[in-house]
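Trainee: Chain by chain, the residues:
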Amino acid sequence: MSVESLYPFLYEGAGAEDVMAQATRSTVAKVEDIARLRADVAARYGAELGQCAAAMKRALDGGARVFTFGNGGSSTDAADIAHLFVHPPHGRPYPSACLTEDVAVLTALANDVGFDVVFARQLAAFGRSGDVAIGVSTSGGSANVLRAFEQATRIGMLTVGLAGYDGGPMAEAANAGTIDHLFVIPSASVHRIQEAQTTVYHVLWTLTQEAL
Amino acid sequence: MSAADEFARREGATSALADGAEAVARASRDMAARFHAGGTLLVFGNGAAATDAQHIAVEFVHPVIVGKRALHAVSLTGDVATLTAIGRDSGFEDVFATQLQCLATASDIALGVSPDGNCTNVLRALELARQLGLLTVALVGGDGGAVARSGVVDHLLTAASDDALVVKELHVTTYHVLWELAHVFLEQPGSLPAICVDDHCVTCSDEAVEVRVVELRDGDLAVVDTGSTLEEVSVALVEARVGSRVLVHAKEAIAVVDADR
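Those sequence lines, one after another, are chains A and B.
20 is the number of the first residue of the first sequence in my numbering; add one for each residue after it.
131 is the number of the first residue of the second sequence in my numbering; add one for each residue after it.
If you are wondering where the hints come from, they were derived from the structure by calculation, not from laboratory data.
Among the hints, a few may not be true.
[Stated by the list, open to error] A partial selection of chain A residues facing chain B, derived with a Cβ cut-off under 10 Å: (1) Thr43; (2) Val47; (3) Val50; (4) Ile53; (5) Arg57; (6) Asp131; (7) Val132; (8) Phe145; (9) Arg147; (10) Asn194; (11) His210; (12) Arg211.
The beta-carbon is built from N, C-alpha and C at its ideal position, and this holds for glycine as well.
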């Protein structure tokens, strides 16, 4: 997908006012896209989000910790999820940690072993049976996220995945039983996928805070 | 509430975002003008907004669309050593302004993210940015709080919700669009406004400079590329065409150097 294909009008000698008008129209179109996408996700996963939140709530009340991980923009989502549990805007705090936050650990593992293991090795060190692992990927194909889910499953953690497109290898992992709850955002836009994923994890957190 | 109810209560605020589409486009255009002039994007926020600041920085530095150029952006939340040192020495309210004072130049962009508009450290950084001549942009929610009332923000983009979680979701869409449109405007340099950094633009100096015409405008005006900025000058005295190289003195083109060099 190129900017040229999204904005063909720009490459036909449009003036400054035309560019502004088209940019405004394209913004409206993107807002309509994300509104439709959220409605799709709600219809597709409404019931499973409730089940997943109930399972997370049972785990948390049993003393579980929540470990989160992802790469790039998704690493900032992982950090946001961990911060929501530890320091919530309201409700009860629960222990949580984002596996991208300790740069010393991350670079040590990447340098000494390889980037594919940076999350799995941390789960091997910190994770306990009954803990919760939440992995975020837009493609569904991040090798280090997939390795982390395999490790989490070996340990006996509750595993929750957020993916985009058609779910990619994470969809296969869910079929194989290494991801208990997988939420695939059906879009081909990395941006719209991330926006809908933000809503998904906000709703999951909100539901875990409600009495179940 | 059920998951479906939770999704449904986002609908109103999302459609309100479309009403502010032109404001988002204008902010993107002015950010593009700063990038075109060599400016850096400095981003800051607290809590969830700190993760947004880092997301915004990575968005510009490492584009999701292959072939888009990397633009210089830095999150002021990423350097934990500096953040905690300033917090210890001057207080948490100065953690962003102190970094900005050290890192910023007048051609830069300051982007503050504050869901309720009442983060003191975000406001202080925006106030300093305005003093230093940066373009100031803020992503806020609710009534925009102290940031909205401060009068130091060039582009105030407000998510129409009082719920910090919903505000964040609308901010993610907003900054994705800011990134995409900034590239759209950058690829159409003629669409960019002239910027005058430090009250001194290249073409208004008292020295003839050679520039290239990128767009002719009504009223014998033209947009010229100075090599570092785009500025509007008069071409009333010369026969300039797009692509012409002209000598400009005090905003007036005084000679065509070489029409198609």
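Trainee: Minimum Cβ distance from Ile53/A to chain B below 10 Å?
Mentor: Check passed: Cβ of Ile53/A comes within 6 Å of chain B, closer than 10 Å.
Trainee: Does the closest beta carbon of chain B sit nearer than 10 Å to the beta carbon of Asn194/A?
Mentor: Cβ of Asn194/A sits 23 Å from chain B, so the hint is violated.
Trainee: Against chain B, is Arg211/A within 10 Å by beta-carbon distance?
Mentor: Since the shortest Cβ distance to chain B is 8 Å, the answer is holds.
Trainee: Holds or violated: is there a CB of chain B closer than 10 Å to the CB of Phe145/A?
Mentor: violated, 20 Å
Trainee: Less than 10 Å between beta-carbons is the criterion; does Val47/A satisfy it with respect to chain B?
Mentor: holds, 5 Å
Trainee: Under 10 Å is the threshold here; is the Cβ of Val132/A close enough to any Cβ of chain B for the hint to stand?
Mentor: violated, 23 Å
Trainee: Given Arg147/A was flagged as interface, is its beta-carbon under 10 Å from a beta-carbon of chain B?
Mentor: violated, 26 Å
Trainee: Min Cβ distance, Thr43/A to chain B: is it shorter than 10 Å?
Mentor: holds, 5 Å
Trainee: Going by Cβ atoms only, is Val50/A closer than 10 Å to chain B?
Mentor: holds, 4 Å
Trainee: Hey, does the Asp131/A contact hint survive, CB to chain B under 10 Å?
Mentor: Asp131/A check fails; min Cβ-Cβ to chain B is 22 Å, beyond 10 Å.
Trainee: Would the hint on His210/A be counted as holding, given a Cβ-Cβ threshold of 10 Å to chain B?
Mentor: At 4 Å from the nearest chain B Cβ, His210/A passes the 10 Å test, so the hint holds.
Trainee: So, as I understand it, the hint says Arg57/A touches chain B; can you test that by seeing if any CB pair is closer than 10 Å?
Mentor: holds, 6 Å
Going down the numbered hints, you'll see the structure goes against 6, 7, 8, 9, 10, while the others check out.
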